[in-house]
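So the sequences go chain by chain: A and B.
Read in order, the letters of the first sequence are residues 1 to 120 in full-length UniProt numbering.
Read in order, the letters of the second sequence are residues 1 to 131 in full-length UniProt numbering.
The set of hints was computed from the structure by calculation and includes no laboratory data.
A hint or two may mislead.
[Stated by the list, open to error] Far from chain A, some chain B residues (derived; all Cβ distances over 12 Å):
hint	residue
1	Ala43
2	Val72
3	Thr98
4	Ser100
5	Leu102
6	Val110
7	Val117
8	Cys123
9	Ile124
10	Leu127
[Unchecked claim] Simulated DEER-style distance windows between Cβ atoms:
hint	chain 1	residue 1	chain 2	residue 2	range
11	A	Val41	B	Ala116	18 to 26 Å
12	B	Ala104	A	Arg48	33 to 41 Å
13	A	Ala53	B	Ser100	45 to 53 Å
Note that CB positions come from ideal geometry on N, CA and C, so glycine has one too.
Take a look at the letters that make up each chain.
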Amino acid sequence: MPGRDSGDRESSGRPSGPWDPGLQIERTTLAWSRTALAFVVGAAVFIRLLVRADIVLATVCAALTLPLVVIITRLAWRRHRQDERSLRSGAPLSDGALPASLAVLTVLVGGIGLTYVLVN
Amino acid sequence: MGSADSETEPRRRPYRVYREGSEPDPRFTLANERTFLAWLRTALALMAGGVGIEALNAAQGETGPLRTLLAVVLLVGGILCSMTAFVRWAVTERALRTGSALPAPRLAPVLGYGLAVIGIFACILVLVAGV
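The shape of chain B in the complex, shown without the other chains (with noise of 0.2 Å):
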C-alpha cells in the first residue's frame, strides 16, 4: 500500500483513473465501491418504479399520459443515475489518489427533491384520479 503502481503490474482499466497519484487507503477504495453500487441500486430501484407504474397501465387496460410519463420520468432517472454513478465512482477514486477533495453530491439534493416532487405527483394521481 501507499506505493504507486509499478510497472510489473498489470494495467488497470480506466487508464485515467489510475494514471496519476498513488494507492490510497484499501478501506477508501472499498467504500467508494459500495457508494457505487449503492448508487446502481437506487437506479434500479427508479427504473422498477418507473416499469411498475406502466404495469398500472397495463392492469388498466389503458393507458393514462399521466402514468406513462411518471414512469418515464422515473426510468430516465434511473438511466441518470446509473450513468452518473461510474463517473462520479471514477472521479472519486481519482480524488483518492490525488489527495484531493471527494466531488459534491451533486446528483443527491436532485434525486431528494426529484423523488419528492415524483411522491406528491403520485399522490395527487391516487386521489384525484384514482390511480
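Okay, chain A solo, but in the shape it has when bound (with noise of 0.2 Å):
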C-alpha cells in the first residue's frame, strides 16, 4: 500500500492545501475499499446460497467475482497515487471511467440477483 506523503510542504514548494488535513484522499481510497468489501460480503452469501442450487454455477461466480474485486481494489489504489499526484501538481483529479464501471457491475449483480429470486 502506498504511504501518505506527509513532507509535501518541501516537495510541491507550496503550502499544503486544505484537503491534505482533511485526509481527502485515503478517506476516498477507504470508501472504495469498503465498498470492494461490500461486493465480497454480498458475493460470499449469494454464491453460499447459489451452491444448494447449482454448483457449477456458484464455482463460476466465485472464479468471477474474486478476481473482480482484487482489479477494482488495485485500480481504486492506482487511483489512490494518481490523485496524490494530481493534487501536488495542480492537475485535474481522475475521471468518472472507474466510478462508472463499477456502477455498471453493481447494476450487473442486481441483475444477477433478481434473476436467481426469478427462477426460483
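Both chains come to you apart, so use the hints to assemble them.
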C-alpha cells in the first residue's frame, strides 16, 4: 500500500492545500475499499446460496468475483496514487471511468440477484 | 486547480461531465466520489437484503409469494439505486464545475419511506406469518 507523503510542503514548494489535513484522498480510497468489501461479503452470501441450487454456477460466480474485486481494489489504489500526484501538481483529479464501471457492475449484480429470485 | 482543462490533458470521461466549467475544489470532487460510493454500498445492501429474504424461501423449502415480492422489491430498489448513483455523481460533478446548484436528493425520501414500508411489511410477515 502506498504511504501518504507527509512532506508535501517541501516537495511541491507551496503550502499544503486545505484538503490535505482532511485526508480527503485517503478517506475516498477507504470508501472504495469498503465498497469492494461489500461486494465480497454480498458475493460470499450469494455464492453460498447458489451452491445448493447449482454448484457449477456457484463455482463460476466465485471464480469471477474474486479477481474482479482484486482488480477494483488495485485500480482504486492506483487512482489514489494518481490523485495524490495530481493534488501536488495542481492537475485535475481522475475521471469518472472507474465509478461508471463500478455502477455498471453493481447493476449487473442486481440483475443476477433478480434472475436468481425469479428463476427460483 | 481552478484552471480549465488544457488541450494537452487526456480526454476525461464521461465527456459530457468534463466538457464545460472549470476544475472545482478537489475536496468537493472527492466528496462527490465518496457519496457515489456510499450510494453503491446502499444499493448492495438492498440487494443483499433481497437475496437474504430469498434465502428464507430456500431454507423453508417452499416459496412464499410475499417473501418473493419483498425480495424483488429490494433487488429492483438496489438496481435503481446503483443506476441513479452514477447519474447523480455526473450531475453533481457538472454542477460543481459550472458553479450551479447541486441536484435535489430526490431518491433519499423515496428510499427512506420505502425502507420504512418494507420494514413494517417485514414485521407483519414475521409476526403474523411466522416468516
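So, going through the hints one by one against the coordinates:
no. : hint                           : in the structure
1   : Ala43                          : violated, 6 Å
2   : Val72                          : violated, 6 Å
3   : Thr98                          : holds, 15 Å
4   : Ser100                         : holds, 18 Å
5   : Leu102                         : holds, 16 Å
6   : Val110                         : holds, 17 Å
7   : Val117                         : holds, 19 Å
8   : Cys123                         : holds, 21 Å
9   : Ile124                         : holds, 20 Å
10  : Leu127                         : holds, 23 Å
11  : A:Val41 / B:Ala116: 18 to 26 Å : holds, 25 Å
12  : B:Ala104 / A:Arg48: 33 to 41 Å : holds, 39 Å
13  : A:Ala53 / B:Ser100: 45 to 53 Å : holds, 49 Å
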